[in-house]
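Protein chains in written order, with numbering that gives the first Met the number 0: chain A, 0 to 263; chain B, 0 to 264.
These are computed hints drawn from the structure, not numbers from a lab.
Check each hint, because a few of them may be wrong.
Unchecked claim - Restraint ranges, calculated between C-beta atoms of paired labels, are given here: (1) B/Ile-211 with A/Ser-53: 26 to 34 Å; (2) B/Val-176 with A/Ala-115: 15 to 23 Å; (3) B/Ile-4 with A/Val-22: 41 to 49 Å; (4) A/Asn-202 with B/Phe-13: 44 to 52 Å; (5) B/Leu-41 with A/Ile-120: 26 to 34 Å; (6) A/Ile-242 with B/Asp-107: 48 to 56 Å; (7) A/Asn-202 with B/Gln-109: 48 to 56 Å; (8) A/Ser-53 with B/Asn-16: 53 to 61 Å; (9) B/Gln-109 with A/Ile-170: 25 to 33 Å; (10) A/Ile-170 with B/Val-176: 30 to 38 Å; (11) A/Glu-180 with B/Val-101: 30 to 38 Å; (12) B/Phe-13 with A/Ala-234: 48 to 56 Å; (13) B/Lys-231 with A/Ser-53: 33 to 41 Å.
Backbone N, C-alpha and C define an ideal beta-carbon position, used for all residues, glycine too.
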Amino acid sequence: MNKFKAYIKIGVIDALEMRFQLVYWLYVNMAPIILMAYLWSNVYSKKDSIGGFSLNMMVTYYILTRLFNRIVSTYSEERIAKDIKDGQLNQFITRPISYLSFKFGERIGIRIINLAIVIPIYIVMIFFLKKYFIWQMSLWNFLIIGVNLFLSLTSFFLLAFIIGLMAFYMIETHSLNGLKEQITGLMSGYIFPLSLLPPELQNAFKYLPFAYYYNFPMQVYFNQLSMHEMLLGLAIQCIWIVILYGICHLMWKDGTKNYEATGI
Amino acid sequence: MKTLIRYIKLYLHFVSNCTTRELLFRTHLILSFSARLMLFGLYIMMYDIIYKNAASIGSLNYDQALLYLSIFFLVDTIGFTFFIKNFSTFPEYISEGKLDIVLTKPVDSQFFVSMRYFSLTSLFSTLPPLGLFIRQVSRLHISLDPYHLLIFGLFLVCTLIVYYSIWFITNLILFWVHRIDALHEFFVTIWRFMQFPPDIFQNVIRLFFLFIVPILLTIEVPMQALTGSTIKISHIFLLVGASVLSLLISRILWKMGLRRYQSTG
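Next comes chain A alone, as it looks inside the complex:
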């Protein structure tokens, strides 16, 4: 546990060193909200409801999904792939440190600092958009969303870890990140709510991990799920975490066998 605390601390220090970077990522994160607000307010000027979503629900959806994105998204894959390609992995293989735990702890540390900066800004934004923002949070929903976000962070990280480990087998992994981003964008409800998609697609996406990153917590937020559906959702997330962890474990075992300490 002490080791894990140290990993988090490394992430915190790393994030503090890059304050400019945080402000920059904040801009990258906020700009699409502004774009979507313009788009949907134009669309809703001719129609009151689309796919069961009012303008207020849509604005709330985009603000909160972007906030959730700041909490759960991890972009560790590039660094992991770089560690493998440059031979930086040596220092982890030769020490009694779990590379996966180190990277996960580091990510949590970065997220903590990130959130300390991002949350106040979101609060200010919600204050300015309070005319559109729907506030309906019960304690129970808050708890479910909290658990869901932690599971999403874990699952998102494991997915990034798998893509990073692909560097054991491929020289260029950048394209895999791109593909992952587009798949996640569609299936998680990041680009638009999944309820706007045909029912067959919505049903299929329920069994994949992506829908639980953004669409599921928003359904919980809007009170659109029964208790049974909420618990089932969390259970599906847990199953996916076990599967992804298993894949990570196998890939790590196989990859380090062929890994040459000089890098790839």
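Dock chain B against the given chain A, drawing on the hints supplied.
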């Protein structure tokens, strides 16, 4: 003229070098193409959802909106073909001091850092929007006479100049703030605002995209030229003016940046 031919020859060498390299990583090529294709598909899906729910974006009908989207993605993929690899390499030049070697070469440094790399994947990615473009031109019964095509082409060149110049300028921030990862996303994020028809933007943001970051007319004016709609003279002036001015500013800022550059990185 001699200098121009020399630069064209040099650029063709760059293209051949990058193409050979990219063809070595075919899986990467296919995956990157799939990612771009998916992104394009996602936006068509979004347009579909909006129009199927009997709504619309701005004043465009469904077919016009798809034509607009196809032109946006055409510009975007052409821009990516020429610049994405160059601008994502920018931090290496400025923050890591690799610009030294560029400055010693007998070639214009702005040309070198802007055109050294070429993306074959992005070139392939122009095919889906091109397909949609041809489909929409046919569905909207647009007659492609040489005059309209020429005007459309000229405005598209202006758009690409604005696209290049603003993207280049945003990268120059690195001369003043030494470390920002993925700074090339700065422009891409702004540019994405143009994936929807510009009449959704009103008041301050409209003025911002007209005069501060002049990208508001970059898709609309070429589209109007293609469809034969009336184009406001002021819009033509604004687009052409923006292309000349932004290119000039990019040159001035590059020179200023070079004066700040410390070769230690």
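Evaluation of the provided hints:
1. B/Ile-211 with A/Ser-53: 26 to 34 Å: 33 Å, holds
2. B/Val-176 with A/Ala-115: 15 to 23 Å: For A/Ala-115 against B/Val-176, whose Cβ atoms are near 21 Å apart, the range 15 to 23 Å holds.
3. B/Ile-4 with A/Val-22: 41 to 49 Å: The hinted range 41 to 49 Å holds for B/Ile-4 and A/Val-22, with Cβ atoms some 45 Å apart.
4. A/Asn-202 with B/Phe-13: 44 to 52 Å: 49 Å, holds
5. B/Leu-41 with A/Ile-120: 26 to 34 Å: 27 Å, holds
6. A/Ile-242 with B/Asp-107: 48 to 56 Å: 54 Å, holds
7. A/Asn-202 with B/Gln-109: 48 to 56 Å: At 53 Å between Cβs, range holds.
8. A/Ser-53 with B/Asn-16: 53 to 61 Å: This hint holds: roughly 54 Å between Cβ atoms.
9. B/Gln-109 with A/Ile-170: 25 to 33 Å: 31 Å, holds
10. A/Ile-170 with B/Val-176: 30 to 38 Å: At 31 Å between Cβs, range holds.
11. A/Glu-180 with B/Val-101: 30 to 38 Å: Because 31 Å falls inside the window, the suggested range holds.
12. B/Phe-13 with A/Ala-234: 48 to 56 Å: This hint holds: roughly 54 Å between Cβ atoms.
13. B/Lys-231 with A/Ser-53: 33 to 41 Å: 36 Å, holds
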